[in-house]
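> Okay, here's what each chain looks like letter by letter:
Number of protein chains: 2
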Amino acid sequence: MKLSIAIVLFFAAVVAVDAATDAIPYPQGYRQWQHVKSMVIQPGHPLHASFGGIHHLYANDKARTGYRTGKFPDGSVIVFDLLDVNTADSAITEGKRKVVGVMVRDAKKYAATGGWGFEGFAGDSQTERVVGDKAATACFTCHIARKQQEYVFSSYRE
Amino acid sequence: MKLSIAIVLFFAAVVAVDAATDAIPYPQGYRQWQHVKSMVIQPGHPLHASFGGIHHLYANDKARTGYRTGKFPDGSVIVFDLLDVNTADSAITEGKRKVVGVMVRDAKKYAATGGWGFEGFAGDSQTERVVGDKAATACFTCHIARKQQEYVFSSYRE
Numbered sequence: 811m812k813l814s815i816a817i818v819l820f821f822a823a824v825v826a827v828d829a830a831t832d833a834i835p836y837p838q839g840y841r842q843w844q845h846v847k848s849m850v851i852q853p854g855h856p857l858h859a860s861f862g863g864i865h866h867l868y869a870n871d872k873a874r875t876g877y878r879t880g881k882f883p884d885g886s887v888i889v890f891d892l893l894d895v896n897t898a899d900s901a902i903t904e905g906k907r908k909v910v911g912v913m914v915r916d917a918k919k920y921a922a923t924g925g926w927g928f929e930g931f932a933g934d935s936q937t938e939r940v941v942g943d944k945a946a947t948a949c950f951t952c953h954i955a956r957k958q959q960e961y962v963f964s965s966y967r968e
Numbered sequence: 811m812k813l814s815i816a817i818v819l820f821f822a823a824v825v826a827v828d829a830a831t832d833a834i835p836y837p838q839g840y841r842q843w844q845h846v847k848s849m850v851i852q853p854g855h856p857l858h859a860s861f862g863g864i865h866h867l868y869a870n871d872k873a874r875t876g877y878r879t880g881k882f883p884d885g886s887v888i889v890f891d892l893l894d895v896n897t898a899d900s901a902i903t904e905g906k907r908k909v910v911g912v913m914v915r916d917a918k919k920y921a922a923t924g925g926w927g928f929e930g931f932a933g934d935s936q937t938e939r940v941v942g943d944k945a946a947t948a949c950f951t952c953h954i955a956r957k958q959q960e961y962v963f964s965s966y967r968e
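Sequences listed follow chains H and F, in order. What the first sequence shows, in our numbering, is residues 811 to 968, in sequence order. What the second sequence shows, in our numbering, is residues 811 to 968, in sequence order.
Possibly wrong hints are sitting among the right ones.
[Unchecked claim] With a straight-line Cα cutoff of 27 Å, these simulated BS3-like cross-link-like pairs (lysine-lysine) come out:
no., chain 1, residue 1, chain 2, residue 2
1, H, K872, H, K957
2, F, K847, H, K872
3, F, K957, F, K906
4, H, K919, H, K881
5, F, K918, F, K957
6, F, K872, F, K957
7, F, K881, F, K918
8, H, K847, F, K918
9, F, K944, F, K906
10, H, K847, F, K906
11, F, K872, F, K847
12, F, K872, F, K918
13, H, K957, H, K919
14, F, K872, H, K872
15, F, K944, F, K872
16, H, K881, H, K918
17, H, K847, F, K847
18, H, K881, F, K906
19, H, K906, F, K847
20, H, K881, H, K847
21, H, K906, F, K919
22, F, K872, F, K919
23, F, K919, F, K906
24, F, K881, F, K957
Simulated from the structure, these hints should not be mistaken for lab results.
Please model the entire structure based on the sequences and the hints provided.
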């Protein structure tokens with residue numbers, strides 16, 4: 811009896827560790843990664859409520875390969891870095907960070923969402939998650955339109 | 811007599827090599843450098859004629875040190891990458907490259923312009939120079955205002 815409890819506790823612990831491991835990590839150091847391209851989304855744009863401001867895409871080394879070849883290997887990480895904008899005197903300058911969006915490639919683990927795991931970190935927080943288990947509805951419903959591009963919207967701008 | 815001609819030709823050749831060496835090289839690979847920050851300059855801005863569009867600043871490793879410490883070591887290179895913009899449907903997207911501006915740090919060689927050499931390459935050309943020997947008037951007259959920041963306008967945006 812005591813043994814079965816121990817076994818149950820053991821498996822519960824393994825599951826807990828797995829859940830923690832499954833969480834997409836904050837993309838440390840992404841500001842030093844490859845800058846892919848940028849875009850400004852202004853008031854009136856259908857995505858303004860979610861993505862208004864200026865965003866920059868960054869790619870780690872594996873994702874660079876993906877942008878180049880069209881095939882993103884497992885371990886590819888793409889960051890969508892969204893900043894607020896200050897519009898004054900006929901110039902648009904960068905304001906505070908709104909969210910750090912992350913796509914992590916693992917064809918097997920994230921098979922349900924096109925082989926990509928999605929997460930977002932609020933503002934400058936490395937722990938406040940804004941996607942969590944809602945990737946299928948919050949992210950993939952739009953990304954699915956880009957199936958032919960491995961679900962990635964951006965392409966590398968030379 | 812023949813010897814003096816040879817000597818003259820020798821020195822002429824040395825001067826020609828020096829002149830070629832002095833030319834600021836195109837910053838090969840800068841798109842893989844550190845992305846520092848970005849900004850959009852719109853119609854109505856006093857610098858629109860020269861710098862209208864979206865620009866990104868990139869720093870090589872030495873210039874990264876400069877942004878961090880406030881002291882740019884010799885060999886620092888900063889690139890001002892200016893792209894045209896397409897404004898449509900409440901979004902600003904990147905268009906064609908207008909100019910690749912370059913600042914190269916060499917305190918001694920460029921002492922007359924604050925220790926920085928300036929050059930610009932038109933569009934995607936790596937050879938069509940738009941500054942040449944006009945750095946003092948075309949670039950430094952504005953950069954001189956930033957003497958306290960070692961003549962650099964941008965600062966690293968985290």
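> Take the C-alpha atoms of K944(F) and K872(F), compute the straight-line distance between them, and say whether it is at most 27 Å.
holds (25 Å)
> Is K872(H) within 27 Å of K957(H), Cα to Cα?
holds (19 Å)
> Is the Cα-Cα distance between K847(H) and K847(F) 27 Å or less?
With a Cα-Cα distance of about 12 Å, the restraint between K847(H) and K847(F) holds, given a limit of 27 Å.
> Verify the proposed pairing of K906(H) with K847(F), using a straight-line Cα cut of 27 Å.
At roughly 12 Å apart (the allowed maximum being 27 Å), K847(F) and K906(H) satisfy the hint.
> Given the hint that K872(F) pairs with K957(F), does the C-alpha gap stay at or below 27 Å?
holds (19 Å)
> Measure nothing beyond the straight line between the CA atoms of K847(H) and K918(F); if it is 27 Å or shorter, mark the hint as holding.
violated (36 Å)
> Given the proposed pairing of K872(F) with K919(F), does the C-alpha separation stay at or below 27 Å?
This hinted pair holds, its Cα atoms lying about 17 Å apart.
> Does the structure keep K872(F) and K847(F) at a Cα separation of 27 Å or less?
holds (17 Å)
> Is K881(F) within 27 Å of K918(F), Cα to Cα?
OK: K881(F) and K918(F) at ~15 Å, within 27 Å.
> When you check the alpha-carbon spacing of K881(H) and K847(H), does it fall within 27 Å?
Judged against 27 Å, a Cα distance of about 18 Å means the pair holds.
> Quickly compare the C-alpha distance for K881(F) and K957(F) to 27 Å and report which way the hint goes.
Status holds; Cα separation ~12 Å.
> Please verify whether K847(H) and K906(F) have alpha carbons no more than 27 Å apart.
holds (12 Å)
In summary, the structure is inconsistent with hints 3, 8, 21 and 23 from the numbered list given earlier, while agreeing with the others.
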